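A.B. asks: Spelled out, the chains give:
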Amino acid sequence: MRNFAVKLKLAKEFVGFMGSSAEFRALFPDKKNDSYHNTYSALEIRNAKLKLHGIDPSSLENEKVLPPIINCRMAKGGVGKTTICGGVASALAMLGYKVLMIDGDPQASLTGLFGINWANENITHIGELMQKQSRKEAYRIEDAIMPLYEGNMLDLIASDISLANTDSWLMGVTNREFAFKKFLDANIGFFSQYDVVMIDSAPSTNLLTNAFMCSCNKILAVVWLDGQSLKAMQVLASNVNELNEAFHSSGFHLDVHIIANGYHPSYTTCKDALSTLFSSYQNKLNDNVIPHASSFMRQVELFKEEDSGTVLEREPNSIAARSIIDLAKSLLKEYDLKIGGMRII
Amino acid sequence: MKKPVTVSGLIQSGAVRENAPDVLPKFKGQSDFSNSRSVDIPLSQIKPNPYQPRRIFPEAEITDLANSIEEIGLIQPIAIRKVDDNQYQIIAGERRYRAFKQLNKEMIPAMLFACDDGDMAVMAITENVNREDLSDFEIAKSIRNVESLFPTKKRLAEALGIQREDMYRYFAFESLPDLITEKLAVNPRLISRNAAADIKRVLNNCLDNEYDHAMAALKEALYLLENSEIDQGKIANFIIQKVKREISGSVNKEKEEFFAGSKRIGYFSTSNNGIMIKISSGILDADKTEQLKNTLNELIKGPKV
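From first to last, the protein sequence lines are chains A and B. Note that this note's numbering has the first sequence beginning at 1, numbered continuously upward. Note that this note's numbering has the second sequence beginning at 1, numbered continuously upward.
Next comes chain B alone, as it looks inside the complex (with noise of 0.2 Å):
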């Protein structure tokens, strides 16, 4: 049998040539990866970005992640952007530059990245839209902090790589009374884009006289989202509802209760909606029964309408 073939023994039998040119693409290997950017930077050299969406840093989350990072160290480098000579701006990662200075640390990895600032802005919202835990509200309120930046709402929208029509609902929040926005202020998690932008439609489609039957509405819908009793995506139908029922109640209603002793025994009631008599089985025989249908039928036989 012939001997099979290796690529030693074709070398060894000259073959196949020791010393051809090395000409084909490189496989990069893992050292030519780590963390080639990264560098140390002391934290007296870095600010805070100016376009940082996320308002609250919870002490108690920033004491875990020091923790954490005191324990197995910093997993990613964050993100910084050259402002001056020794002086950098975060583009991402001001937790833990803060856990950094929890821990009372001279130095933190960093990557550089050259960037302007739509560019910074942008990152940062970017950085935190595409995690779950920065909420609505506060992504509403970053993105028209850069919005100057962008010459058209198109532009900026695609900056942020969400569709336009989402950049609206986010735009929703500005549109709501103050009454919610004060409660934004302090739960910025209350309502998300989608439950703004369907309280603010709402809210615009009102007439007049029926404003102030919907702010109503609203603040008891606040409440019962507070405490979990209704869902954040059913108030604008909740507000839709309640005004309805107030408009046409509070014009003409009456009613009038029928009692046998201390029993309820029925009622009789008017309102827009027409006139509703009921009276419980068995309170009228058959003969009174036919009564009152022949008395009905007098009535509305009577007057031409």
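Just chain A, same shape as in the assembly (with noise of 0.2 Å):
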């Protein structure tokens, strides 16, 4: 568990708070005593949110439906995929919304963001969850869970090197492109106690990763303004056109949104990368740009890995924190996101 909390003027931004610092201090009785220095937990900013609406939070019940499912995806590495995943769904839980994280790359950077050493850690991921599923074995996603936020704000189910196995299994899988949404059907109960879903997705294009697009109805591609990214979109509209074809007249049709990420004002590539992304998928792309920041950088220890974290932990105040929370925003309306069933903007 991550002891993470921002400070007031942040948690006044999270809660949509309008008023006085005093009144803001009010909705918190439970708190020691009224100073500047309190900060203010996921948990808290959630249930602060649901008073100020008149909702009682020990009322809420959850339907069984399933929440968005955001999938982070781009057939290149390292264009970021990982820190907006991470990145976006810390901001999520700070804005009160319940996130699942699913580490779906095994490469376990998600997991690592979040300061998890897979190697000192008895992982169970989510391959081997939909295995079990699939082979009728007892299993318990509730014991595959790392909690981070306090009252289940932030999940993660993390990643190791084996889940690269899970593409072997997912070969003799029939309707294998839907085995994960098979997954998250039979397991409805559980996964409706969550707002969102934020899957980090591994860069090559393999059976897992098919699966993981076909359980939502958006992805959200990453891309990173220069030559190479760019040129990635052709397997990456390959492969989403390609699923498209195979199953639209089951009534499946994948979408994608686009986030430019790396944007630094003197390159000159990235000003025309970003040119060319506006031309080509204008209703597509994200308004918000991931600028080329160095906290990004900062994001990973390497050698007191416990100490990693999201930029948004890490250096809450940063212009970096500051582009990842402005796009958490901005995903509420594009996923249509909801506080326990309730849309609260």
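A hint or two may mislead.
Said to hold, decoys possible - Far from chain A, some chain B residues (derived; all Cβ distances over 10 Å):
1. Val7
2. Gly73
3. Asn86
Said to hold, decoys possible - Quick list of in silico lysine to aspartate or glutamate cross-link-like pairs, EDC-like style, CA-CA up to 20 Å:
4. B:Lys219 with B:Glu257
5. A:Lys271 with B:Asp22
6. A:Lys284 with B:Glu18
Simulated from the structure, these hints should not be mistaken for laboratory data. The structure displayed is predicted, hence computed values, not measured ones. All residues carry an ideal CB built from backbone N, CA and C; glycine is no exception.
Reassemble the complex: the two chains are provided individually, in unrelated frames, and hints are given to aid placement.
C.D. replies: Take a look at the structure:
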């Protein structure tokens, strides 16, 4: 469990509170003193937000419906899928949404971003759960969960290198493209307790990444602003088109939402790449551009892994954290996120 | 603090051009797919598939299908090919076609495919092989129908997407005696290709003097199968056991039973396997038992074999 909490200014923004600081502090009668130095956790922000909308948090009953799924995907490594996935997930949790993250990459970089060393932990990854469900063996998803923020505000199904074996199992599964969707449906009672599920996919195009894509309506494609990354759009587009072609008769259609990452004002290539991206995918491109910022590079500590964390946790007032918060807010609408079934913006 | 970067802001400041060339690959929209190849074709211009593997079209099933089509429409268009001007043949979808006829419709949504006889036959079979509702016996017949369209059996198996060994299991149906094939014609689901292959193997391995026994055993097994008293996978073994018993027993088998009053107290039997003597406990006392043992010992010791 991580003890992440934000200070007053950000907390007010996350709750969406317009009044004075004194009034805001009055929303938290349980806090020991009404000091300026109080910090606010994701769970406290959620409860305050609900309270402001006249909803008693304990009265929320989740309908048995699957929450929106945000699958961070790009057919190329190193473009910032994990940074965006982990960053947006922590920002959404701080905005009061219950978030489940699934590390879908055998490289386990999302797992590492939250300071978990897969080599030292007993990890049950998503592939293992899917296999057990398919073979009708006993399993408990709860046991695979690594809680990160108090009150299930941010949970993680971690990954390790053995997730790479999942593909050889999927090879022999009928209707394998929808194997993950089937797993979600079979455990709807568990997944419906979250407001959103975020998946960090591997860069390769394989059966598991396909299965993740076929579970959602819209993938979140992260594009690094250079020529190589734009070229990888060719692979992604043919991958998406192929799935759509194959399954359109069953009513399936996968859309794409694009995030431009790594913008540096003094690189002409960034401007050219963004211009091309805009002309080609105007109505699929998110207006927020993630800057090329050194804060992102400080997220992962090489020698003190447990100190690793998202830019929002480590440098909440940086321009990098700001871009992630703005992006997370824009995704609320893009993916129609709800808190406990309520649409609160 | 620096201002957050947005696409709209960068365009406003002129850093990003709005009219750059639109060169990146397109993601196709939903409407780019929706039944793009489906056309409405008059039912009168459509003929069934001559390679249709399905032999039985139960009226009740067609009526069910027709009712559901009437209610929610046709979800998947049928697949057809053009054979002449305004003449089409069904590749897949004969049940849907029959349901439309039953509903007295004039047109049916169809997708046009260009294919030759070989493709056509294979498409019709694979459509059905992959579904569970066509029996192995029907598949076997349809494979034979299209066999001549392929140069080798290997190519045939490849085109069908099945293993060669599996294809020979389908062919096993043809080598079965009439007494099974007659039953299969009525109930094609009676036995699977695996059971058929096993039965064929057992019958082929029979010696001349065993064959009649094997046929009798098969007949009995089929009777049991129809009454669900035996699993189809066990028929081959059933025949083997039955034949073995018949052969060993029929050569020289005698059995004499011992009675005390009306109560059976034992028996004496000889067969190819040897001599069996059984006497219930308490009939012979210790002395008599000893006597019997000695007598047997004498007899065995006597003439050397």
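A.B. asks: Now tell me if each hint is right for this structure.
C.D. replies: These are the hints, each one checked on the structure:
With a least CB separation of 5 Å from chain A, B:Val7 falls inside the 10 Å interface cut-off, contrary to its annotation. No beta-carbon of chain A comes within 10 Å of the beta-carbon of B:Gly73; the shortest separation is about 13 Å. For B:Asn86, the requirement that its beta carbon stay farther than 10 Å from each beta carbon of chain A is met, with the minimum near 26 Å. A distance of roughly 32 Å separates the Cα atoms of B:Lys219 and B:Glu257; the hinted pair therefore is violated under the 20 Å criterion.
A C-alpha spacing of about 15 Å is found between A:Lys271 and B:Asp22, which places the hinted pair at or below 20 Å, so the restraint holds. Between A:Lys284 and B:Glu18, the direct Cα distance comes to roughly 15 Å. Compliance with the 20 Å bound is thereby established for this hinted pair.
When the structure is compared with the earlier hints, violations turn up for hints 1, 4 and for no others.
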